[in-house]
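Turn these sequences into a full structure, and let the hints steer you where they fit.
4 protein chains.
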Amino acid sequence: MKEGRLYFASDYMEGAHPNIIDRLCETNYIHTGGYGLDEITDSAIRRIREACGCPEAEVKLLVGGTQTNAIVIRSLLRSYQGVIAADSGHIAIHEAGAIELGGHKVICLPNKSGKISAAQVEECIRAYEQDDNREHIVMPGMVYISQPTEYGTLYSLAELIALSRVCRSHDIPLYMDGARLAYALASEENDIDLPDYAKLCDVFYIGGTKCGALFGEAVVLPDPARIPHFFSIIKQNGGLLAKGRILGIQFDELFKDELYLRIGKKAVRYAVRITEALREKGYPVFMDSPTNQIFIIVEDDKLEHLREKVEYSYIEKYDDTHTVIRFCTSWATRKEDVDDLIGLFEG
Amino acid sequence: MKEGRLYFASDYMEGAHPNIIDRLCETNYIHTGGYGLDEITDSAIRRIREACGCPEAEVKLLVGGTQTNAIVIRSLLRSYQGVIAADSGHIAIHEAGAIELGGHKVICLPNKSGKISAAQVEECIRAYEQDDNREHIVMPGMVYISQPTEYGTLYSLAELIALSRVCRSHDIPLYMDGARLAYALASEENDIDLPDYAKLCDVFYIGGTKCGALFGEAVVLPDPARIPHFFSIIKQNGGLLAKGRILGIQFDELFKDELYLRIGKKAVRYAVRITEALREKGYPVFMDSPTNQIFIIVEDDKLEHLREKVEYSYIEKYDDTHTVIRFCTSWATRKEDVDDLIGLFEG
Amino acid sequence: MKEGRLYFASDYMEGAHPNIIDRLCETNYIHTGGYGLDEITDSAIRRIREACGCPEAEVKLLVGGTQTNAIVIRSLLRSYQGVIAADSGHIAIHEAGAIELGGHKVICLPNKSGKISAAQVEECIRAYEQDDNREHIVMPGMVYISQPTEYGTLYSLAELIALSRVCRSHDIPLYMDGARLAYALASEENDIDLPDYAKLCDVFYIGGTKCGALFGEAVVLPDPARIPHFFSIIKQNGGLLAKGRILGIQFDELFKDELYLRIGKKAVRYAVRITEALREKGYPVFMDSPTNQIFIIVEDDKLEHLREKVEYSYIEKYDDTHTVIRFCTSWATRKEDVDDLIGLFEG
Amino acid sequence: MKEGRLYFASDYMEGAHPNIIDRLCETNYIHTGGYGLDEITDSAIRRIREACGCPEAEVKLLVGGTQTNAIVIRSLLRSYQGVIAADSGHIAIHEAGAIELGGHKVICLPNKSGKISAAQVEECIRAYEQDDNREHIVMPGMVYISQPTEYGTLYSLAELIALSRVCRSHDIPLYMDGARLAYALASEENDIDLPDYAKLCDVFYIGGTKCGALFGEAVVLPDPARIPHFFSIIKQNGGLLAKGRILGIQFDELFKDELYLRIGKKAVRYAVRITEALREKGYPVFMDSPTNQIFIIVEDDKLEHLREKVEYSYIEKYDDTHTVIRFCTSWATRKEDVDDLIGLFEG
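Quick mapping for you: the protein sequence lines, in order, are chains Y, W, C and Z. In this text, residue positions in the first sequence follow our numbering: the first is 40, and each later residue adds one. In this text, residue positions in the second sequence follow our numbering: the first is 40, and each later residue adds one. In this text, residue positions in the third sequence follow our numbering: the first is 40, and each later residue adds one. In this text, residue positions in the fourth sequence follow our numbering: the first is 40, and each later residue adds one.
It is possible that part of the hints are untrue.
Each pair may be met inside one copy or between any two copies, as identical chains are not told apart.
[What the hints assert, rightly or not] Each computed DMTMM-like pair below joins lysine to aspartate or glutamate, with the alpha-carbon atoms no more than 25 Å apart:
#1 K320 - D170
#2 K295 - D235
#3 K41 - E78
#4 K341 - D230
#5 K295 - E65
#6 K151 - D327
#7 K341 - D170
#8 K238 - E350
#9 K295 - D61
If you're looking for bench data, these hints aren't it; they were derived computationally from the structure.
If you want it as structure tokens, here you go:
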């Protein structure tokens, strides 16, 4: 970390929202039960259930996103089934084969702005069902989506309803990866609330790591009988934290006084501001992302200059002379940094 | 947590040593790279290498003990191999089948005070090698020990040298689970230092969760080429923390100014005090444990009274009228609580 | 194979019963569907269903015993469950870790003459259920027995009823490995018929490889819904034969005119004759085995002489001067060989 | 099977070449060791080694193709690696997820006439190596090809040399699935002999099931140290046949007096004849296949008529009014059936 340098590479480059740090300090000497069997975790779970409008839901707090995806997916699938996902999905690319390690194929569908549609899912399942050789083929056994997607885009409520309907008509679960859910909930374009997810998804997780926590992802199972012996499964997969309350503390804070939403709102506001300013200055946006990620097309000539001043993520080559890069905002982004970032770009 | 109640159930019932909490606060707004690729983690690794006297070692910081055991063991074994362990070993009993989930048998040898001997290991490997049907049998592919053991007992340097020799003569790795290693290092009976482990074990981990950290275990591979692509393996197994620096912070603190050793010393001093006091009062010790766990035999009549005043761990029935229970001390144990605990037992 | 040498090492040292060979010849040029979807396999399945008295049963013909055990067990267990077995069970020792490769622990109970009792199983499940840490422990999820056992002994009907009752009271399946089932059915001591197995077991297999076939094991699931998508599971595990009719042919013959039973009867009759003759001559029987395996204790001095004349299986050292060896009879055993074998032993 | 009906659906619809059946009959009463440790299997292995020009090769006889692919691939890959294959490859589509069950991703490249090129493989590996996030991505760890491909097409020697060169330059094994290898060796277009495969591939298998055997695939490892403990791995995966000699008998016959080649030649000759006749009659060939599979485009109107007379394989819809179907020839195809099949198509 250098004085004067700007940091927009991702949303997990700092510690945690100060409320979480304060609570860690306050509770440090309290004795509690281990493995998430403590009052603080109970309180966090209550808050999450309430926010999701499903007081009966099973809620489990896990440590990280890949871990959560791997555990949930191998819990829901039978050995002969695979999981349908966008070819840009995190599980399809950036989890080092965690899903396959668990024994399952990721059945990739071509993404459109990071999303897959109900029609694509329907077609994929139909093709399987109508194939005479289907017993020699991996059976589509669940659907995985991310909200926001890996490109920062959003499913609309109508799209989610359609996906949910297809899944239920074929009796397979719909699972949503909400690693950056705070930014979806906070987006102006968003028309889906937590209770909608609880109604339309069979399992989803509310991301903590990228939304202001030190780490942590809250898995919500609206039907608490969906994954029997989930505790043992988490343990067996190395996902159980001895001092589970550390997760409880974080989610209890995130869901107190709508902190989760407030974190999202601030980051999205800054992201919108950056996007608009760059657009005005003539920098084309690669993907119209209404959340906390900004995908922008930059001339290669300007990259070196940028690299000296700001940390960003390289995404891909756009053409022979341009590159797509990404900026992320987060709970830790400061107004002056946003201004400085915008200032780096000439009109 | 109730006023006046005593808490000795385990060593992971509070937060973290205050130095760790302070450092978390101090560093909260610093930007760093993710996934353990940051300066704080670098510093922690340097300190651990130095403490172990092996500047070339690969050191990886993982989140929890079961996770660490599962990942290390599946990385070292080939599919047709199993891991030799004491039948009281953590991997044999209390990890919900994590080793088998990874595809491997735990080959159990009868423990003696929680330990297995070089002679037992030699005999086990010999039996395999001399069996005409050995190609139909799981091959012993590594040895797992815990230091201290699950009963709080210690391997001596001579015992560890003997185990290491057997393993090397058969060209299989020796792996040590040091979930509570601070308490081994701090014990009066201990004659093994960190550099000895680095010389005699092929892989071992230095436990953080039970030794003053919020969570975290530091895997040390004295030969850095022992597990190629270890980073990807950790990622694939859901063990990679996005904000890896949180682990770095904790181990950097634990290995600054010998904090790890000091935490161990205090806990062991209190444990010895409790053991001696109870012994004096006529309570027989179940297992002669020189570390931070105290296994004591109590008349069943007295259990209810105890349960009201103190949290302890139930271990097993001793006979029809007695029960073995366990007290643990830790960095968080206070002198007055030790006195109060001793006071609960009548002379 | 040498002129004048005797072969009693095992029951899979020759080809197949001549009826099977004849049928292979006869049907060689017939065109049929693949993967067991053919009329011959249909006929075999009908015969097996009829013999088992359950016309609705799902019957699948697999290639070998380890394959069958591995596939059935991983199909029935959830990831956090293990399979209870005798410590002498084939899956516990001689399958090179196939069950663990599938992700599951073999929970071993001490055998008594190769058997485990309902009381042991009950105790094992109770211990799990009453353990406060059970969520950290592998859950007993099914029971595996062999009939006859690896020592050639037999469960009685009463014993099987008791085992079945325990399993059903805990809602876990009872699975029987019938690799040598023909010899159980044919034994004078036997009081269990195929329909009893179909009533009392949840899954079992009727062994072909060791009972007169070239290879093949017939899995019977009295409740056809017990393992959904079993065909795909078999395919996925590499157990599906393209020319599935080869299995159909073999079982169609084995279950025509009670051939299976007749093969068993002949082999058992010879085994009994050998046992009685050797007993008369003063050779102590190691295990009272009423099927086609003869376990006998021989002075080490005599082993070399025997080895020159006859192939047998080494089982284990009995004491410093004696060894336990095994003879097996089969469909291929000839009367003159039995006489010659007996003649090798002095009175 | 109906009188007058034609059977061209696949090459595994009958028993085995009569030489194999004869040998099964002749050897039926011979006693041999189990698990492939017998003189007949030894002889088969010697013949295969000789045919491949590598007297040191490890040769293992397995039962089926999916089994062989699954076992070889999981033996060669490390957990964090995947296998590169054509998107039309058998392992990518028709093995019910057997590769993923073993823990590995199939990294699909777009096929061209069923084939992938050295350039595609090079590009795939480069992309991995140059990706900054490669440690979060599945590493390409081997290359899988089929010869002939699933579309009956052939790699040329030049193409195979190029693939081998790329693999060796990146130190990853090249594995060839030769399920129908007899038909490749017999094709007029073929310029690769068995010794070439042994030089250019790191592992390959010579298919029996689809080339005249009842079942069986012979895995050849030119470097016998390539897969240590391969016997145990095969056992563990349920691929070990107790009466292993049944495999030995089949391959001993197939490699006696070039039977394997002769079987291929006859089938290919008939296939060429069918192709040429249909082409002359104006039926467009879908894929130019020089082996024993014929892919032909037929008007949907004519399908019903065909279906009554001949069994074929449905491949895919070509357009709104046409369908691609497949005929296969084999050792069992008779000249008169070929004539009759041709006669079904009007000029």
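Up to 25 Å CA-CA - D170 versus K320, copy category: neither (52 Å within a copy, 30 Å between copies)
Alpha-carbon proximity context of K41 and E78, limit 25 Å: Cα proximity of K41 and E78: across copies only (12 Å, versus 41 Å in one copy).
Up to 25 Å CA-CA - D170 versus K341, copy category: Cα proximity of K341 and D170: across copies only (21 Å, versus 52 Å in one copy).
25 Å Cα threshold - placement of D327 relative to K151: The answer is within: 12 Å in one copy meets 25 Å, while 35 Å across copies does not.
Intra- versus inter-subunit Cα pairing at 25 Å for K295 with E65: both (16 Å within a copy, 24 Å between copies)
Intra/inter-copy verdict for K295 and D235 if alpha-carbon distance must be at most 25 Å: Classified as within; 20 Å inside a copy, 49 Å across copies.
Same-copy or cross-copy closeness of K341 to D230 [CA-CA at most 25 Å]: Intra 37 Å, inter 53 Å, cutoff 25 Å: neither.
Alpha-carbon proximity context of K295 and D61, limit 25 Å: both (13 Å within a copy, 24 Å between copies)
Intra- versus inter-subunit Cα pairing at 25 Å for K238 with E350: Result: close neither inside a copy nor across copies, 39 Å intra and 41 Å inter.
When held up to the earlier numbered hints, the structure conflicts with 1, 4 and 8 and fits the remainder.
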